[in-house]
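Novice: Below, each chain spelled out in residue letters.
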Amino acid sequence: MADLVSHRDEVKVVSRRFGQGATDIERYVALDGYKATQKALTIGGDAIINEVKASNLRGRGGAGFPAGMKWSFVPKQSPKPKYVLCNGDESEPGTCKDRLIFEHDPHSVIEGVIIAGIAVGSHQGYIYLRGEYRYLIEIMEKAVADAYARGFLGKNIFGSGYDFECAVQTGAGAYEVGEESALMESLEGKRGIPRIRPPFPAVVGLYGGPTVINNAETLANVPHIILGGGEWYAGLGTPKNGGTRLFCLSGSVNKPGVYELPMGYNLHKMIDEVAGGIWNGRKLKAVQPGGSSVPVLTADEVDVAMDFDSVMKAGSMLGSGGVVIIDDSTCMVKYALRVMKFYQHESCGWCIPCREGTDWLKKTLIRFHSGGGVRRDIDNIQYLSENMLGRTFCPLGDAAAMPTISIVKKFREEFEDHLDGKPCPFEDHGTIERLPVLAAYDHRTADPWTHPH
Amino acid sequence: MKFSDQLEKRFADLVTHYPIKRSALVPMLLYAQDEVGCVSDEVVHEIATRLELTDLEVRNVVSYYSMLHTRPIGRYNIQVCTNISCMLRGAEKVFDHIRQRLGIGHKQDTPDGLFHLEEVECIGACCWGPAMQVNYDFHENLTQEKVDQVLETLKSNG
Amino acid sequence: MADVNITVDGRKITAPAGTLLIEACKSAGIEVPFFCYYPGLSLQGACRMCLVEIAKMPKLQTACTTVIQEGMVVTTTSDTVHQARKAMLEFVLQNHPLDCPVCDAGGECELQDMTFSYGASESKLIDFKNHKDEEQWSPVVFFDRPRCILCYRCVRVCNEGMDVAALGIQNRGSLSLIVPNHQDYLECEECGMCIDICPVGALTSGAYRYKTRPWEMNHVGTVCLHCADGCKTTLGVRRQGSGNQIVRGDNRDKSGTNGDFLCIKGRYAFDFVEHPERLKQPLVRKNGTLSPSSWEEALGLVARRFREARDNNGGASIGVIGSNRTTNEDNYLLQKFARLVLHTNNIDHHRTADYPAFVNALFGHANATASMREVLSAPALLLIGNDPTYQHPLLAWQIRTNVRLHGARLYVVNSWPIKLTRQANQFLRIPEGAEGKAAAFLAGDDSAAEALVTDKTTREKLVSFREKLQGEQKLVIILGSELRGPELARLVRAAAPAGAKFICLGDYANSRGAADMGLYPDLLPGYLPLSEVARFGEQWQSLPQEPGMDLQAMVSAGKERKLRALYVVGSNPIARYDIDPFALAETFVVVQDLFLTETANIAEVVLPAACAYEKSGSFTNTCGDLQLLRKAGDCEGVKPDFEIIVRLAELMGFEIAHLVPMGAGGMRADFGESRGVQSGEADRQAIWNWRQSYEPRVSPFHPFAVLEEIQRLVPGYGVRRLELLAGNDVHTATAGLAPGRTEADRSLLPSHDNLFTSGTLGRYCDVLNGVMETRLRLPNEKKGIAAD
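As you go down the protein sequences, you meet chains A, B and C in turn.
One point on numbering: in the working numbering, the residue at position 78 of the first sequence is 78, and numbering is uninterrupted.
One point on numbering: in the working numbering, the residue at position 103 of the second sequence is 103, and numbering is uninterrupted.
One point on numbering: in the working numbering, the residue at position 381 of the third sequence is 381, and numbering is uninterrupted.
In case anyone wonders, no lab produced these hints; they're calculated from the structure.
Each hint can be trusted.
Calculated cross-link-like contacts (lysine-lysine; reagent style DSSO-like; alpha-carbon spacing at most 30 Å): (1) Lys59(C) to Lys190(A); (2) Lys190(A) to Lys107(B); (3) Lys142(A) to Lys2(B); (4) Lys53(A) to Lys155(A); (5) Lys283(A) to Lys146(B); (6) Lys132(C) to Lys86(C); (7) Lys21(B) to Lys142(A); (8) Lys422(A) to Lys124(C); (9) Lys26(C) to Lys59(C); (10) Lys124(C) to Lys409(A); (11) Lys129(C) to Lys422(A); (12) Lys240(A) to Lys313(A); (13) Lys80(A) to Lys21(B); (14) Lys80(A) to Lys39(A); (15) Lys107(B) to Lys155(B); (16) Lys56(C) to Lys240(A); (17) Lys254(C) to Lys474(C); (18) Lys93(B) to Lys410(A); (19) Lys59(C) to Lys86(C); (20) Lys59(C) to Lys53(A); (21) Lys269(A) to Lys240(A); (22) Lys142(A) to Lys155(A); (23) Lys53(A) to Lys56(C); (24) Lys461(C) to Lys80(A); (25) Lys190(A) to Lys21(B); (26) Lys456(C) to Lys21(B).
Small disclaimer: the values here were computed from a predicted structure and weren't measured.
Work out the full structure: start from the sequences and follow the hints.
Specialist: Below is the structure:
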C-alpha cells in the first residue's frame, strides 16, 4: 500500500476520497458515490459529452487529447457493439497515480466507465490493469462485484432501463500495451502490437466495434465533472487545460509523492515547495516533466506552468504527470542509458526503426558510459534518435528518441567528459555495468531468444 | 490437465466476460502461471485447447509478455525496479545488496529454490522508490536494512 | 469505383478510389521502396521504407497504408524522404550479418537492392551484432535470424495465403523472431512459399542452399509435371557437363496462372531427374535379364518385333499405353503412331477423370469450361468431391485467395469436412459415395435427397443449399472424379444453361492432354468418334473402324496370348492396376520411361526417356488451359519420347513426313530449340524468336512439328498461337465440341496422390520422401500404390 502525502496547494478532486475508505461501496455511496451515474442517466449522452467538452478535460495518459472530443467521434449508430475501455496499464516510468486511484477510489473509475458508456451508447466496459498491479485487480474485481450486487452494473442499472456490463482485465507485463490499440490487441488475447490507423478506435476498435478508450485518471474525473459541472472543472485549471492533475513527484527530492495540483501549477514551485526541494542539499540538474518519454528540462527551464500547452512551449511535454526530478549528482549519460534500456526492453519489435534503434542506442550508450565511447558516438546517438523520431509505427519510438535527443543537446559536455577512456565523473565506474540487464545483451551466458523473460 | 477448483472457477467466470474466447488468454496464462509455477508446455497446450487456438498462437503471446516465463523459478520472485525514479534514489545499491546477499544474479535462482532475482522495469512505485515486488507484494522506500528484514521474513516463512 | 486525383512529385495521377498510395505511385512508374508490403496480403506498416511526405501531414506517412484522397499532394523525392529511407536501411542493417558473399539470396536480395539504391555508403555501427545460430526447421526450410528483417511476409503468406499458419512471431523488441509451429521444427505443407516470399536470405531452402550463386543460373519458366493444375515453375539451370542441370525451382516468374503460388512438388520435386536409379541407357533382355544396350540395337529390335507382329498378326495384336506425364505432342504422336503405323485402335492410358462424359454433357454448350484463372475471379464456386488442398493445391489456392480477397462464396459438397470447408459459405456433408446422388439432387431430382439425409444433413439443409446455389450467377462448378458418366452429365446439363462453367478434375500433369489427344481405343483426338477419321487426312483412312481394346482388355488378351506386343510409354500399369506380371509373359513388352518401374521390369526392351523438364511441348491442365513447356535440364543418354517414336516409325519403314508434317517446303532448319538454351548461336536465334513471338521452324524431332497439326485438327485447340508462344496459358474449348461418350468410364482410377506423393515419380523424389509429413496420414487419404 502506497503512502499518501499532502500539501496545502493541493486541490482535491480526483483524490478527494483518498484515504477515506471508499473501496467500501457503502462508504463510497455515502461520499456522493454513484450520484453522477444517476445524473448521467437522466441527462443522456449528448449532455454528458457537452459537459465533458466544457470541462476542458484532457487525456491524462500522456497525449492530452480532449476527452469530450474523443467521445464525440464515436458514431451514434453502429452495427457492432460499442465498448468503453479504461486504460489502467500504467507503466510510464515516473508515473504511479492510477495506482492510487484504483487503490483508494475504485468506484470512481467504474463510474467514469459507465458514464462514458452512457455518453456514447455502449453497454460494455473493460478495465485493463497492468499485471503487476495484482492487489489492485483484486480491489477492482471486488468493486465491480459490489456494484453488480447493488444493481449499479448489469441489466437495468439504477432502474433506468440501461444495461451496462463491466469486467476487469489483467495484463501480463508490457509497457507497449498502454498504447490504446495495442491494449485492444491484448484484450483480444493477442500480442500487444499496435494497429494501423486509420481506422481510429472511435470507429473501429475492440472487436471491430467503436471504442472509447481513456486513461483511468481521465475517467475518474468524469463523475466529478458531471456532478460539479464542466464549467466548474474547467475553472480549476488554465484555458484549454481543465481541472487538476495528479502529479507524481519522484526522484531526487525530499518529499516525493502523488499530489493533486491545478493544471498550470508552476513546475519550479512544484519541485521546491510541494516536493520539499532537492534532497541531500544538492542542486537541481534536470527534470522530466511528463514521464520518461518527454524531453528533459534543465534547471534553467523549470519556471513553467504545468499544463499541456505551456510545457509544450517550453520544449517538453506534460505527458503522464510523472515528474522525475534529477539532482546534480546524476550522470546524464547514465540517465539516458537507463531510459533507453527501458525502451529497448519494451519495444514490441514490430517496426524497424524502434526495434533496431533502441537496441543500437542501448548498446552504444552502455559502451559509451563505461568508457568505450568515441567522439563520433555523440553525434551518432543524436542521429539515430532523430531518425527514429516521427518515423516509427507507434509513439514508442518517439518516446525513446525525445529524451535522448534533449539530453545529448543539453548535456553534451557530460558526454564529452566520458571520452578518451575517462571514468564516469559521477560515480564508481563499475556500478552500472555490474547490473545485469543494463549489461549488454549477452548471448554467452544465457539464451535470451528462448527465454526472453 | 486440471487446475485447482478455484482456478477452474475463475476460468469459467473469465470466458463469460468477452464476446470471443481468446480474450481470456492473457489472464488465463498469468493465473495458470501463478498456480503451476510457470507457463510450461503442458499449460500452453491445455490453454490452447480450451481456447481453440494452436500451441503456436499461445506461445507467441506468452513470449510477448514479460511477466510470463516458461521455466520454473524460485518461490519468491524478487523483482527490483531500477528504472529512473528508483535509480535516482539508489535502486542499484539495493539490487547489488540483494545480489550479494543471495549470491545470485539477474534471472537466477538460489540453489534451495527459494529465491529468484530479477531486475525489472518500472513497477509503478516511483514516488516510493527504491521499490521492489516480491511476487505480487510491493516493498517500497527500501533501505538495506528493510531489504534484509524482508529477506529474513521470507526465509523463515520458507 | 470513382476515380481520385492526386499529385505525386508534381505529376497528376488518377486512380480508383480506395487505391493505396503505394499502388497509385507504382501505376505511374514512381518507385516507393518497401519490404513488408506485399500485394494481396494484409498491411503491416512495419518496415517504414515507404515513408513519403504528404502535404498537411506533420509526419512522414507510410504509402502502403495510406488510401489516396482527392487532392492529396505527395512528395517521394525530398531530402527528408531520402534520409528516412537511408535511416531505415541503417537500422535494419544494425544486426544484419552482412554475409552476402555466402548468402543464398546474394544477388537477388531486396535488402541488397534497397541498400544499393537508397542506403548509406558507410556503416556507423561500432557495437557488436546480436547473433543467433541458424536453424533447420524441416528438410526444406532453414531459418537464419540474423538475416531476417522481420517483414512478416512469411507469416502472412503461411497464415493468410496458405491457411496453414505454421509460422509465428515470438518474443518482442530486438529479440523478436519468426518461429515454426513445433518450437524447433515445422509441420506444414512444406510449400516453401515462406522461402520464396522472403525478401532476404533469412529463409532458405534445403534443396538449393549453398549449391550455386543466383547469377550462375539461367531461368527457365516451364510447367510443373506433377499434378494436373498446371503451375508455372521457374527452373534455375546451371551448366554442368554436356548440358544443363536443374538446381532450383521457384516462383520467380509470376506470370503463370499460379501467380505467387507453388506447392512442394512444383518447387522442389525436380530432384528425381538426378536420381541414381534414373535410366540412362536402353536395356534389352538377354538370357532373361535386362542388359545395357545401344540405342541402335534397342530401337532396331523394337521396330523389327513391332513390324513382325503387325504384319503377321495384324495391328489388333499390338497394344499401346500412353502417359499422363508426356506432352500433348508426344501423346498425339503416340496415338497417331499406333493408328497409322501399327494399324491399331488398341490405345489407352491410365484414366483419372471421366473427360469423355464431361465432353458429352457439354456438347453444344460453348465456353462452358472455366479456366484456372476464372477460379480466382468467379463470384461463386461449387466444389463436389475431391480434396483440392491435397490433390489440387493450386486450385485450392485460387479458391482461398478468391474467397479472401474478392469475397467469393464457396459451396462445398463432400463426404468429409475437407480443409476448404474453412473457406466455405456452405458445406453439405454427404455420405461417402453419394456424390452422384448429390449431383442429381442439385440438378433438381428431389428423390435423390433420400440418400443424402443424415443426422448432420437435414432435408431442409439440402433444400436451402440448393436454393442458395440457384441464386448464384456465374457459378463455377468443380467436379471431383467421384462424378462420372450420367451422374456428371445430369448436373452439367442442368447448370450449363444458367451460365455455369465447369472444371472436371483429373490427377496428373497432362491427364487432360492425354484424354484430349485421343489416348482412347474408341475416341480420336478431341473425343471425336472413330467415324470422323476422315477429318485427320488421307493416311488415316486405313484405320480400323472398330474400337480397340482398353487397358484391361489388352491385359486379358495378353493372358490369352493374343497380344503379341505392348508398347508402354510413361506409364506403370503393372503397379497401378495391380496386374499379374505373368499375364504379359508371352507379350513383347516395350517400356519407355525414366525408371525401372514394375512394368519396365517385365519388359523385353526398356527405353530411357527424357522427362517433361527436359523437353519442350505443351501440357493441358485439368481446366483445359494449354501451356508450353520449355526445356530446362539435360540428362545424358536419354531421348525425348517424341524422338523415340519418330525413330521407331522410321525404322519400321514409315514415311516420316506423313507422321510429322514438315511444312510445305519439307524439313526446315533446326534453330536449336530442341537442344536447350546454351548450345550457341543457333540458340540465341531461337531465344530471339521466342522473344519476338515468332514461330521457330523445326526439325522432325521437334514437338512443334505436330503442335501445328494438333491446332489444326483437334477441336478446341485452335487457340491463338502467339499467346501460347509468348508463354501464356490459353484456355482450350475441347469440351462442348465433340460428342464424347455417354456411359460412365468403368476403368477410371484416381491416383490418390496427395501433396507429398506423385505417382511413380514421387517415389524418386528425395524431397517428397524426406519430409516427415509424408508419413503423417492426411485427411481423406486413401491407400494405394503411387504409380504413373
